[in-house]
Amino acid sequence: MTARSSSKFIKRFRSSPLDESTATGLVGETSEGTQEMKTRNETNRVELEREEGQLTVLPEGIVLDHGDMDIEISEDETMIINMGPQHPSTHGVLRLMMELKGETVLRTKPVIGYLHTGMEKTAEGLTYVQGSTNVTRMDYLAPLHNELVFSLATEKLLGVEIPPRATWIRMLMVELNRISSHLMWMATNGMDVGSTSMMIYGFRERELVLSFFEKVTGLRMNHNFIRPGGVAADLPDGWYDDVSAIIDTIPGRLDEYGEMLTGQPIFRERTEGVGILTQEQAISLSASGPVLRSTGVAWDLRKDIPYLAYDEVEFDVIIGSIGDTFDRFAVRLSEISESLRIVRQILEKMPSGPYRVQDKKITPPPRKRIDESMEALIHHFKLFTEGIHVPEGEAYVAVESPRGELGCYLVSDGSAKPYRMHIRAPSFVNLQSLPAMLKGGLLADAVATISSVDPIMGEVDR
Amino acid sequence: MGLEDLSHNFLTGNIENLVKWARRNSVWPATFGLACCAIEMMSAGAGDYDLARFGMEVFRASPRQADLMIVAGRVSQKMAPVLRQVYDQMMEPKWVISMGVCASSGGMFNNYAIVQGVDQIVPVDVYAPGCPPGPETLINAILTLHAKIQNGEITRRKGTGAGISIGEVKRKSNVGTLAKKNTPKTVKIVSK
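Listed in order, the protein sequences are those of chains A and B. According to this note's numbering, the first sequence holds residues 111 to 572 in order. According to this note's numbering, the second sequence holds residues 1277 to 1468 in order.
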């Protein structure tokens, strides 16, 4: 791969291949016209390069040259097919348009927006107290991460420091959430490559974690547990034994997966060397999370920009080497073990104390106090009608969600509602590496590759 | 001829009840996962809750092989025509469960993007509450539907749904004309 530097070229096409404003069809063309894949004659050179996954620019501004692109393929030899949005293997409502030559994928274009929920707009109408209810429904496999990033951004604007127990409870919950998310991913990935029993096993282990979540938060999903100022409630009695039971059970089950998938020739044949993404491509396409780490880049926000108390626990960052579908599977499998290691340390180190900030302007008083004190009643009333008044300013906070860098950008105008909320969704950004992964591969491998990116459409479309 | 001359045992009953019994016990859902609820729908199908107990573990990828559409999640304006098309592709008799508050009423997302209730697009038989409804709630909704199938009319034929007014749903097929025959005159049908 040689570097081709043409300043004009870089300047024009610096923006990411999936332009956010047009992706959801809000700006410019509202029909699907611009999103649909056209024939080669109707597509210009730049668009063609995007769809072939060749438009890759490194952060330094170097354009990667992938060799000569064959644009002289006649239309008689190719066909454009449509996959989704109602398709069992596209993980929700992703729609892919692919140009095929025989069974080989030449170009891919993800068409998104089928689950656009307008969450960023909804957030502007909700107070900071209500905000985490909204964001938790974004990435529905890692709801606690969404709440965490929103709460951290709000707290950064407020300038409050949360008590240590709240921090450690948050860490416990998000790490367990990472485990349940990866298990769910392995279940669906197993189903996509034809291992139906993996689906049943993945859900079995996920239920272990979910029943603990239900005990702590009252819900299996969309918990609204991590809130600005701390967490909603203290851990229930017997939490130590529950978590111990989980971390004692899962490692043995992981070994079973090792036998069932890692050592299984059919699974390896379907995943090894399929959907390769090189390190340069991953960086230039802003990939993060397991997709980036599988290419050999040791980038994990928990290590590189530590938040919560991740600098006080020991764990390793798992990286792959080739960046194929099997590497992405292996990275996630090992990350479950690392998360278990973190959870084990949290069990030992869990401090005591309050589970939320004791500032009455930020968190509600305990229920008991409301009956006794007029002041507490007023605080409670003000908090749930008006909300928290957050000082003017802007903040960006990023956390490592199971899918990658999950960022929340908040702008406050001094009122109780955010002026603007923007989410940097890892699934959305990772999705743009699909054309690069699928190019030159077989159509049957596309299913395994899409699954290995782990896109959650709720987060992609928001 | 009297029945007493027969040499073997027999049962008498209504063929209607037999058909309804058969239909009830093998409702095949379409895999129509949209958002969070789809995960709970999958959980219901997995080992712990085991929908196979009700003859429903076969989630069909093709709507042509499915009897039941579980609308699991929020339906965006962009998805609405697709959802309608999938519904139209399903064979009669067919049923719809609206799973979760987003599908039932738009839920907390009262904004420009979300269809405020999937019953604006397709006729719904059972609404399952919750955000998301747990597998138990879904199973309860399914059992409610089973009771409805068992006790309902065998020849019931649905119209296209009273509220079919979404601009994108312009169907050239004979769905509109079929509905015209079977729908009371008070119901307004928009088909172009």
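One or more hints might be untrue.
Interface residues of chain B toward chain A, partial, derived using beta-carbon atoms under 8 Å [unchecked claim]: (1) 1329; (2) 1385; (3) 1412.
Straight-line alpha carbon distances no greater than 25 Å define the calculated DMTMM-like cross-link-like pairs of lysine to aspartate or glutamate that follow [as the list claims (entries may be wrong)]: (4) 325/A x 1326/B; (5) 325/A x 1412/B; (6) 470/A x 352/A; (7) 471/A x 271/A; (8) 325/A x 1368/B; (9) 459/A x 352/A.
Computed beta-carbon distance windows for the label pairs [what the hints assert, rightly or not]: (10) 192/A x 1392/B: 57 to 63 Å; (11) 1304/B x 463/A: 49 to 55 Å; (12) 314/A x 1423/B: 26 to 32 Å; (13) 1333/B x 192/A: 41 to 47 Å; (14) 231/A x 1333/B: 27 to 33 Å; (15) 1304/B x 211/A: 33 to 39 Å; (16) 1298/B x 361/A: 22 to 28 Å; (17) 1328/B x 462/A: 19 to 25 Å; (18) 413/A x 1392/B: 42 to 48 Å; (19) 146/A x 1298/B: 29 to 35 Å; (20) 1427/B x 484/A: 32 to 38 Å.
No lab work stands behind these hints: they were computed from the structure. A virtual CB, placed ideally from N, CA and C, is assigned to each residue, including glycine.
Could you tell me which of the numbered hints above are not met by this structure, giving the numbers in increasing order?
1, 3, 6, 8, 10, 13, 14, 16, 17, 19 and 20
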